[in-house]
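Enquirer: Letter by letter, the chains look like this.
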Amino acid sequence: MKNDKSLLLNILAIAFLAVLAYFIYSVATSNDIGIKVTDNNVVENRVAYRYLNKNVLDENSKYEWGGKAEDSAANVVTSIVADYRLFDTSLEVIVLFITVMGFGLVIPKENIKIKESTELLYHWTPLLMTYMLLVGGYMFINGHISPGGGFPAGAIMSTAILVGVLAGKQTVSHTTLKKIEAIAGTLIFSIATLGFFLKGSFFINFLEGGNVGDLFSAGLIPILYTLVAFKVAAELSGIYFEFYEGGEEHDNV
Amino acid sequence: MMLLLATFLSFVMIATAIWVILTPSLLKAIIIFAIVSLVASVSFIFMQAPDVAITEASIGAGITTAIFILSYKRVSEKN
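These protein sequences, in sequence, are chains G and W.
Going by my numbering, the first residue of the first sequence is number 7, and it counts up by one from there.
Going by my numbering, the first residue of the second sequence is number 62, and it counts up by one from there.
Calculated from the structure, these hints are not laboratory results.
Note that the coordinates shown come from a computational prediction; the quantities given were computed from them, not determined experimentally.
Treat each hint with caution, since some may be false.
[Said to hold, decoys possible] Taking lysine to any residue and the SDA-like style, the derived pairs with C-alpha atoms no more than 25 Å apart in a straight line are:
hint: 1; chain 1: W; residue 1: Lys134; chain 2: G; residue 2: Gly206
hint: 2; chain 1: W; residue 1: Lys134; chain 2: G; residue 2: Leu172
hint: 3; chain 1: W; residue 1: Lys89; chain 2: G; residue 2: Ser123
hint: 4; chain 1: G; residue 1: Lys11; chain 2: G; residue 2: Leu26
hint: 5; chain 1: G; residue 1: Lys175; chain 2: G; residue 2: Glu125
hint: 6; chain 1: G; residue 1: Lys185; chain 2: G; residue 2: Phe109
hint: 7; chain 1: W; residue 1: Lys89; chain 2: G; residue 2: Thr124
hint: 8; chain 1: G; residue 1: Lys184; chain 2: G; residue 2: Leu97
hint: 9; chain 1: G; residue 1: Lys184; chain 2: G; residue 2: Glu125
hint: 10; chain 1: G; residue 1: Lys175; chain 2: W; residue 2: Glu138
hint: 11; chain 1: W; residue 1: Lys134; chain 2: G; residue 2: Trp130
hint: 12; chain 1: G; residue 1: Lys184; chain 2: G; residue 2: Glu248
hint: 13; chain 1: W; residue 1: Lys134; chain 2: G; residue 2: Glu122
hint: 14; chain 1: W; residue 1: Lys134; chain 2: G; residue 2: Phe109
hint: 15; chain 1: W; residue 1: Lys89; chain 2: W; residue 2: Lys134
Based on the provided sequences and hints, a complete structural model is requested.
Expert: Next up, the structure:
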């Protein structure tokens with residue numbers, strides 16, 4: 007019985023790998039936009055060419071208004087990270103998820119109570135947390151205009167939750183964090199799949215670009231950065247709860 | 062002047078990095094490691110890379126230090 011099941015699983019895995027291999031092969035050999043594995047493209051279609059000739063300020067530059075994401079994101083680094091290399095970012099988020107799962111395995115589950123924090127920290131924590139959440143929120147909303155982005159924004163927001171944990175305040179529960187993480191992760195990959203069905207490429211930026219420098223520009227990038235920031239914040243905050251809650255859902259301060 | 066400051070910061074970074082290795086106390090080493098990250102983030106700004114500087118300051122100096130100190134606390138409670 008057990009052998010039958012494992013045989014079926016093996017066949018399923020091989021079929022899945024075959025579909026994946028076919029997908030990678032078809033992407034690698036096509037001349038469309040998307041990731042390029044083989045070097046069968048003209049120079050003008052390459053990423054480096056577009057970036058070398060991009061100049062938002064000069065009207066005579068070879069920069070063209072094409073509605074593509076690199077035209078509308080003022081921050082070049084963002085449009086590289088969140089448009090051309092979104093696979094990197096999404097896989098980074100997955101690596102972080104696996105790391106947090108490893109933390110849950112390695113850290114022994116014991117009931118460790120949070121020590122009574124000092125008066126100063128306890129009373130100043132709401133102010134500090136508000137400031138940190140504001141900085142983090144600004145960073146992921148303006149990720150396509152100014153330096154920043156989803157990953158550091160999530161890190162800063164999780165630091166706010168760390169301060170709350172250290173002060174012994176009841177901020178968010180572990181289950182809420184897990185729900186936020188699950189919803190954000192599912193939405194990231196559903197948007198990616200939606201792009202595949204709408205424009206024929208995984209993780210493609212299918213929204214209208216808008217004006218360079220506006221808050222509502224760069225198409226999908228702000229939405230994806232918001233989701234990435236919430237996912238990273240929930241994952242990193244989960245680590246602190248892993249240290250402090252120790253299996254219990256609520257702690258008596 | 063900027064170049065002098067950047068050179069000075071890189072020397073500070075090297076010196077603190079050596080100090081991390083030579084310090085016998087683990088907790089002190091973690092705190093000095095945070096200083097290394099902080100100086101690194103400042104030097105990223107000198108290299109015109111504000112995105113990397115923000116990430117280095119938040120993750121290198123903030124979260125890594127917090128996780129290191131929490132694990133140090135947990136390990137020293139165990140022993």
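Enquirer: Compare the structure with each hint and give your call.
Expert: Here is how each hint holds up against the structure:
Straight-line distance between C-alpha atoms of Lys134/W and Gly206/G comes to about 51 Å, which puts the hinted pair past the 25 Å bound. Between Lys134/W and Leu172/G, the direct Cα distance comes to roughly 13 Å. Compliance with the 25 Å bound is thereby established for this hinted pair. Using a Cα cut-off of 25 Å, the hinted pair Lys89/W and Ser123/G holds, with the two alpha carbons roughly 22 Å apart. Our distance criterion of 25 Å between C-alpha atoms is met by Lys11/G and Leu26/G, whose separation comes to about 22 Å.
With a CA separation close to 12 Å, the supplied pair Lys175/G and Glu125/G stays within the 25 Å bound. Among the hinted pairs, Lys185/G with Phe109/G is consistent with the structure: their alpha-carbon atoms are about 18 Å apart, no more than 25 Å. For the given pair, Lys89/W sits about 22 Å from Thr124/G by alpha-carbon distance, which is consistent with the 25 Å threshold. Only pairs whose Cα atoms come within 25 Å are accepted, and Lys184/G paired with Leu97/G is accepted, the gap being roughly 19 Å.
Annotation: proposed proximity of Lys184/G to Glu125/G is violated, straight-line Cα distance about 31 Å (limit 25 Å). Note on Lys175/G and Glu138/W: the hinted pairing holds, with a Cα-Cα distance of about 23 Å set against a maximum of 25 Å. Proposed proximity of Lys134/W and Trp130/G is supported: the alpha carbons are some 24 Å apart, at most 25 Å. At most 25 Å may separate the alpha-carbon atoms for a hinted pair to count; Lys184/G and Glu248/G meet this at roughly 12 Å.
Distance hint between Lys134/W and Glu122/G is fulfilled; the C-alpha atoms sit about 16 Å from each other, no more than 25 Å. Simply put, Lys134/W and Phe109/G have alpha-carbon atoms about 15 Å apart, close enough for the 25 Å limit, and the pair holds. Between Lys89/W and Lys134/W the CA atoms are separated by roughly 13 Å; this keeps the pair inside 25 Å, and the hint holds.
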